[in-house]
Amino acid sequence: MNIDKQKVNVPSVLKEFEKDLENLQRDYVSIKAKPLGCDLSNDTLELTKSKFLGFPFFPSDSQYPKDEKGKPMALIAQINFAEVPELEGFPTSGLLQLYFPVDDWWDMGSEKIIYHSSEDLQKRSITDFTFIDCKLYEELPIYKIHDLSFKKAIDTGCNEDSQFSFTFGSKDYWDFEEGLTESEKQEFNNYFSCSGHKIGGYADFTQGDPRDYDQKQMNDVQLLQIDVDDFIMFGDSGVGHIFINPDDLKSGHLERAYFYWDCC
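The sequence shown: position 94 = 92 (my numbering), numbered continuously.
Check before you lean on any hint, since a few could be wrong.
Stated by the list, open to error - Computed cross-link-like contacts, SDA-like style, restricted to lysine to any residue with a CA-CA straight-line distance of at most 25 Å: (1) K69 with S28; (2) K150 with F229; (3) K248 with V219; (4) K150 with V6; (5) K133 with S58; (6) K142 with F164; (7) K30 with L138; (8) K67 with Y141; (9) K149 with N7; (10) K110 with C261; (11) K47 with D131; (12) K64 with G92; (13) K149 with K64; (14) K30 with L45; (15) K149 with E14; (16) K69 with M106; (17) K142 with I111; (18) K142 with L34; (19) K110 with K142; (20) K67 with E136; (21) K5 with F164; (22) K183 with K47; (23) K121 with E175; (24) K17 with K169; (25) K47 with D228; (26) K47 with H251; (27) K30 with K169; (28) K150 with K69; (29) K248 with K64; (30) K248 with Q205; (31) K110 with D41; (32) K69 with D212; (33) K169 with Q205; (34) K5 with E175.
Claimed, not checked - Label-pair restraints from in silico Cβ distances: (35) S123 with F15: 43 to 53 Å; (36) D246 with Y211: 12 to 22 Å; (37) F15 with K214: 30 to 40 Å; (38) D126 with D18: 47 to 57 Å; (39) S249 with E136: 31 to 41 Å; (40) E81 with F164: 28 to 38 Å.
Hint data in this document are derived by calculation from the structure and do not stem from the laboratory. A quick note: this is a predicted structure, and the numbers were derived from the prediction, not measured. C-beta atoms are modelled at their ideal positions from N, C-alpha and C, and glycine is treated no differently.
All chains, full assembly: derive it from the sequences and hints.
Okay, here's the thing in structure tokens:
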């Protein structure tokens, strides 16, 4: 029996383009980030739990990530794919981790991305994190530990993502929007929104999609998006992303992913 994939309803102002817009919709996983009241040095979440900030799972027989100065790096994000609803092409197990240096985190290229397979998770983890000085975390873009939960959703696309290419008849995105009434513009902008914390889906930017300027990256997949929230901000209302080459994603080499962020 064929089961049609769920779709997001296309608003009336876009009805003439309904079928084409539905074909551009993508499944993704929405992330709800719940800030915790605990101190940064007192992470109450399990080491393998999906989280923003806090203490990570890290095998005790491996070298904990350090920056160029030899300082222990800070866990910014940890995604346990066993907790995530199944998303086509994405892992169903293992831990994806993003680490920042506590100094000059904004310098792209200084971060580290690590993937622990399900086999790695059988190892004994570091449990004593007294070697980390959480007082140095004050300048990081995430200010509180967040407990993460997940829900499958559908992305409709947005003009900021270079992989979303759509022409409204003879008009581009901006020309079409300009001809709408205020109420129609609200419908239009509500539909074309890529904001929020997410796994997969379309990406949101403040300064443009970097994949649009590099032929080798144009097909890269968004692994993770970390958006502005009450206790999260990359620079001035910026957004953070992890991208990966589709072949590396397929082969499970998530450690080859790369980080990008921009702000207003």
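Here is what the structure says about each hint:
1. Distance hint between K69 and S28 is unfulfilled; the C-alpha atoms sit about 33 Å from each other, more than 25 Å.
2. At roughly 24 Å between alpha-carbon atoms, K150 and F229 fall within 25 Å of each other, so this suggested pair holds.
3. For a cut-off of 25 Å, the pair hint linking K248 to V219 stands: about 11 Å separates their Cα positions.
4. In summary, the hint linking K150 to V6 is supported, as the alpha carbons are separated by about 13 Å, within the 25 Å threshold.
5. A C-alpha spacing of about 24 Å is found between K133 and S58, which places the hinted pair at or below 25 Å, so the restraint holds.
6. Distance hint between K142 and F164 is unfulfilled; the C-alpha atoms sit about 38 Å from each other, more than 25 Å.
7. With a CA separation close to 20 Å, the supplied pair K30 and L138 stays within the 25 Å bound.
8. Note on K67 and Y141: the hinted pairing holds, with a Cα-Cα distance of about 23 Å set against a maximum of 25 Å.
9. Pair hint K149 plus N7 holds up; C-alpha atoms about 19 Å apart against a cutoff of 25 Å.
10. With a C-alpha separation of about 20 Å, the suggested pair K110 and C261 falls inside the 25 Å cut-off, and the hint holds.
11. The suggested pairing of K47 with D131 holds, with an alpha-carbon distance near 21 Å, which does not exceed 25 Å.
12. Our distance criterion of 25 Å between C-alpha atoms is met by K64 and G92, whose separation comes to about 22 Å.
13. A hinted pair counts as satisfied when its Cα atoms are at most 25 Å apart, and K149 with K64 does not qualify at roughly 33 Å.
14. Taking the CA atoms of K30 and L45, the gap is about 19 Å. The hint holds against a cut of 25 Å.
15. Using a Cα cut-off of 25 Å, the hinted pair K149 and E14 is violated, with the two alpha carbons roughly 30 Å apart.
16. Taking the CA atoms of K69 and M106, the gap is about 17 Å. The hint holds against a cut of 25 Å.
17. Note on K142 and I111: the hinted pairing holds, with a Cα-Cα distance of about 20 Å set against a maximum of 25 Å.
18. Proximity of K142 to L34 is assessed by CA-CA distance (about 7 Å); at most 25 Å being required, the pair is judged to hold.
19. In summary, the hint linking K110 to K142 is supported, as the alpha carbons are separated by about 20 Å, within the 25 Å threshold.
20. Annotation: proposed proximity of K67 to E136 holds, straight-line Cα distance about 18 Å (limit 25 Å).
21. A C-alpha spacing of about 18 Å is found between K5 and F164, which places the hinted pair at or below 25 Å, so the restraint holds.
22. A distance of roughly 40 Å separates the Cα atoms of K183 and K47; the hinted pair therefore is violated under the 25 Å criterion.
23. Distance restraint check for K121 and E175: the Cα-Cα separation of roughly 54 Å exceeds the 25 Å cut-off, and the hinted pair is therefore not satisfied.
24. With a CA separation close to 18 Å, the supplied pair K17 and K169 stays within the 25 Å bound.
25. Among the hinted pairs, K47 with D228 is consistent with the structure: their alpha-carbon atoms are about 21 Å apart, no more than 25 Å.
26. Of the supplied pair hints, the one linking K47 and H251 holds, its CA atoms being roughly 21 Å apart against a limit of 25 Å.
27. A threshold of 25 Å between alpha carbons decides the hint, and for K30 with K169 the separation of about 36 Å lies outside it, so the pair is violated.
28. Annotation: proposed proximity of K150 to K69 is violated, straight-line Cα distance about 37 Å (limit 25 Å).
29. With a CA separation close to 28 Å, the supplied pair K248 and K64 exceeds the 25 Å bound.
30. Simply put, K248 and Q205 have alpha-carbon atoms about 29 Å apart, too far for the 25 Å limit, and the pair is violated.
31. Distance hint between K110 and D41 is fulfilled; the C-alpha atoms sit about 21 Å from each other, no more than 25 Å.
32. Only pairs whose Cα atoms come within 25 Å are accepted, and K69 paired with D212 is rejected, the gap being roughly 32 Å.
33. Our distance criterion of 25 Å between C-alpha atoms is met by K169 and Q205, whose separation comes to about 22 Å.
34. Straight-line distance between C-alpha atoms of K5 and E175 comes to about 23 Å, which keeps the hinted pair within the 25 Å bound.
35. S123 and F15 have their C-beta atoms about 50 Å apart, which keeps the hinted 43 to 53 Å range intact.
36. Taking the beta carbon of each, D246 and Y211 are about 20 Å apart, inside 12 to 22 Å as hinted.
37. For the pair F15 and K214, the supplied restraint of 30 to 40 Å holds, since their beta-carbon distance comes to about 31 Å.
38. Taken as a hint, the range 47 to 57 Å holds for the pair D126 and D18, whose Cβ atoms sit roughly 56 Å apart.
39. Here the CB-CB span from S249 to E136 is close to 38 Å, well matched to the stated 31 to 41 Å.
40. In this structure, E81 and F164 meet the distance hint of 28 to 38 Å, their C-beta atoms being roughly 33 Å apart.
In the structure shown, a violation is registered for the earlier hints numbered 1, 6, 13, 15, 22, 23, 27, 28, 29, 30, 32, in ascending order.
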